[in-house]
Amino acid sequence: MRCGRIQKLLEEKGEAGLSPTDRQHVEACPDCRLYARDWSMLAQGLKFIAQEPAPEPSWGFSARLLRRLNEEGGSGILHPEFYENAGRRVIFATLVLVFTLLLAMALPASGPVRHKPNVDTYWPQPEVLATRNAPVYVSSFPPVPAWVEVKPVSYHWR
Amino acid sequence: MESNAQERLEAEWIRRAQQGDHEAFGLLVEQYQRRVFSTVFHLVHQQNEVEDLVQEIFIKTFRAIRSYNFRAPFGAWVARISVNHCYDYLRRKRSSRLNYYWQLSEDSRRMLEGGLEPQQRESPPSIEEQAVLKDLVKKLLDRAPAEDRMVLVLKEIENLSIEEISEVLNWSVSKVKVRLHRARKRMLADLKRCR
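Chains as they are written, first to last, in the numbering used here: chain A, -5 to 152; chain B, 785 to 979.
Simulated from the structure, these hints should not be mistaken for laboratory data.
None of the hints are false.
In silico negatives: residues of chain A with every beta carbon more than 10 angstroms from chain B: (1) Val84; (2) Thr88; (3) Thr94; (4) Leu101; (5) Val142.
No more than 20 angstroms apart at the CA atoms, straight line, and that leaves these computed lysine to aspartate or glutamate pairs for DMTMM-like: (6) A:Lys41 x B:Glu912; (7) B:Lys969 x A:Glu9; (8) B:Lys969 x A:Glu5; (9) A:Lys7 x B:Glu942; (10) B:Lys939 x A:Glu46; (11) B:Lys923 x A:Glu46; (12) A:Lys41 x B:Asp919; (13) A:Lys2 x B:Asp932; (14) B:Lys959 x A:Glu6; (15) B:Lys922 x A:Glu46; (16) B:Lys939 x A:Glu9; (17) B:Lys969 x A:Asp25; (18) B:Lys918 x A:Glu46; (19) B:Lys923 x A:Asp32; (20) A:Lys2 x B:Asp974; (21) A:Lys41 x B:Asp932; (22) B:Lys939 x A:Asp32; (23) B:Lys961 x A:Glu6; (24) A:Lys41 x B:Glu942.
Just a few of them, taken from the derived set where beta-carbon distance is under 7 angstroms, the chain A residues facing chain B: (25) Glu5; (26) Pro49; (27) Ser56.
Just so it is clear, the structure is predicted and the values come from calculations on it, not from any experiment.
Every residue, glycine too, gets a C-beta built ideally from N, C-alpha and C.
Go ahead and model the full structure; you've got the sequences and the hints to work with.
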């Protein structure tokens, strides 16, 4: 725990930024001593790189840049990046479409949106098959409402 | 007072560039080109490629300038485009640019093995030693993952503050701190592995 804290301090402030007790720890702890030595070497190398002068823009750099912008029309619509992005979108849209079609084909033909299957098709439908030979009982009919006048029927046997 | 006038002038150039004015954009290029050259050079370490990369960055900047909304400073916005462009470039190049221990120079190897320890001595390192150390650190940077390299270069070489880095990389301050610590640790581990 202490080593981690001290190593962070070493990175941020270097050995000079440590308190006397932390410095004592660095001297006593082989891990922290190695860390301090390596980090100071790297930090110095990074400092030397920072001092290295960056290349200057060559003469007429901005003029050449503006000429290139003029040549390309500036709008960016004809740039390859545009085609790359557009192509990516077309591929994505096609994939979505194919996936939707496959999903529609794979799902069963039922549900609230779909209408009932037509019974007049060539093959007998399941509900027709189920009722064709089944006997019908009077009790299976709904009760007659009170307002319906039911007259007794008399049969005259001859 | 003077900086306010400069900011107003810059805002005017940006507005004109947003309407497609190339000349106004040229003035912005003149203002920021040195900074972009420096960032790209330190990130990429390929002197012969810097100018082409900077040109591509400014073309990208011009194409995107309509989306600039004046919330962040224009310099930070351009720096973000530069860093992203270099990041893409490094990721493309990375596979073909791996450096291994046996590719280090004889002097770098000697330094790794502890022959030269710059902080342990009283006298400052000689020019040759500086060159060797620079070569070694550049090779370690080249081996580092692109994200580590970005954050290390911006902090240690470009001397940006944590807040500025978070603006450029579009990361939170805490994420920058964590990534920076991780990048330094990874680089030190790499150094040990080479030893």
